[in-house]
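**Student:** Using this note's numbering, the first residue of the sequence shown is number 1, and each one after it goes up by one.
Treat the hints with care, since some could be wrong.
[What the hints assert, rightly or not] Estimated spans, in silico, between C-beta atoms of each pair: (1) Gln-4 with Tyr-41: 52 to 58 Å; (2) Phe-43 with Thr-22: 26 to 32 Å; (3) Phe-3 with Pro-40: 58 to 64 Å; (4) Tyr-35 with Met-1: 39 to 45 Å; (5) Asn-42 with Val-16: 38 to 44 Å.
Calculated from the structure, these hints are not laboratory results. Computed from a prediction, not measured in an experiment: that's the story for all the values here. Cβ coordinates follow ideal geometry from the N, Cα and C atoms, glycine included.
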Amino acid sequence: MTFQDLLILFGAPILVVVAVFTVVFLRHPRPQSRYRAGEPYNFKPVWFVARNGAVADTSGSGTASETTIDDAHGAAALEPAHAESIASGPKGGSHGKW
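My request is simple: use the sequences and hints to build the entire structure.
**Tutor:** Put into structure tokens, the structure is as follows:
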């Protein structure tokens with residue numbers, strides 16, 4: 001076997017494995033905050049719609065208890081009209097221990 005044959009048979013697969021490893025396991029330089037199970041959910045809910053103002057109730061006769069606010073990217077975010085706390089059961093919410 002020549003060096004070129006070895007390079008094709010072993011070099012190319014190793015290069016593919018290294019490329020996949022690099023893409024999968026190297027982290028982004030600035031990690032984004034995300035929700036992890038068991039932690040409080042402090043993120044603002046956002047409705048992504050096709051056009052701005054599609055979620056807003058313009059007639060004033062609807063039963064929506066929330067108002068919409070456009071953020072810097074034009075996505076409509078919901079803001080509750082009144083703060084209400086929802087009591088969860090003794091086992092917690094989706095992350096309860098049974």
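**Student:** Taking the numbered hints from earlier one at a time, note which ones the structure violates and give those numbers from smallest to largest.
**Tutor:** The structure breaks only hint 4.
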